[in-house]
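In this text, residue positions in the sequence shown follow numbering that gives the first Met the number 0: the first is 0, and each later residue adds one.
Honestly, the hints are just simulated from the structure, not real lab data.
Beta carbons: idealized from backbone N, C-alpha and C, even for Gly.
Hints should not be assumed to be uniformly reliable.
Below 30 Å or equal to it, Euclidean Cα-Cα: the simulated DSS-like pairs (lysine-lysine) are [said to hold, decoys possible]: (1) Lys53 - Lys95; (2) Lys75 - Lys95; (3) Lys70 - Lys94.
Restraint ranges, calculated between C-beta atoms of paired labels, are given here [stated by the list, open to error]: (4) Gly32 - Asp72: 27 to 33 Å; (5) Glu30 - Trp92: 26 to 32 Å; (6) Lys95 - Lys53: 37 to 43 Å.
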Amino acid sequence: MQLCFVLLLKLDPTFRSLFTFRISGCKWDDETGDVDGYCQDGYDGEDFLSLNLKSETWIPANQQAFITKLKWDSNKDMMSYCKYYYTQYCPEWLKKYNEKCDHSECKSPVSVSLSTQQHTLISLFLSHTFH
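The whole structure should be built from the sequences, with the hints applied where relevant.
Dropping the structure here:
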């Protein structure tokens with residue numbers, strides 16, 4: 000079972016087309032109990048950084064991301080929160096959802112919300128995948 004969030008955000012209307020995105024979520028194997036999480040950031044359609052929970056480091060996708068990688072790697076509180084969120088909090092919600100869900104009706108529900116405010120675009124996609 001997997002829970003995935005996709006966030007698309009237009010940061011500032013003064014920039015021509017600067018969009019940031021985050022794809023993040025968690026996986027829980029209800030047979031083995033294994034959990035894992037993932038987080039990937041990008042902007043303008045290009046990958047920027049991804050989280051490696053096992054090594055507790057951020058992996059830069061390009062040279063421009065390296066400075067941010069160093070800053071985020073040195074922030075132990077942020078890493079501790081990410082590890083907690085993706086390996087405990089998120090899987091707990093999956094387990095709660097699984098307990099209340101009739102699997103015949105919950106094969107792959109998806110909810111999508113879109114909000115626009117003046118020059119800011121925010122999209123959040125929430126997807127549950129069951130195997």
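Against the structure, the hints come out as follows:
{"no.": "1", "hint": "Lys53 - Lys95", "in the structure": "holds, 25 Å"}
{"no.": "2", "hint": "Lys75 - Lys95", "in the structure": "holds, 29 Å"}
{"no.": "3", "hint": "Lys70 - Lys94", "in the structure": "violated, 33 Å"}
{"no.": "4", "hint": "Gly32 - Asp72: 27 to 33 Å", "in the structure": "holds, 29 Å"}
{"no.": "5", "hint": "Glu30 - Trp92: 26 to 32 Å", "in the structure": "violated, 19 Å"}
{"no.": "6", "hint": "Lys95 - Lys53: 37 to 43 Å", "in the structure": "violated, 26 Å"}
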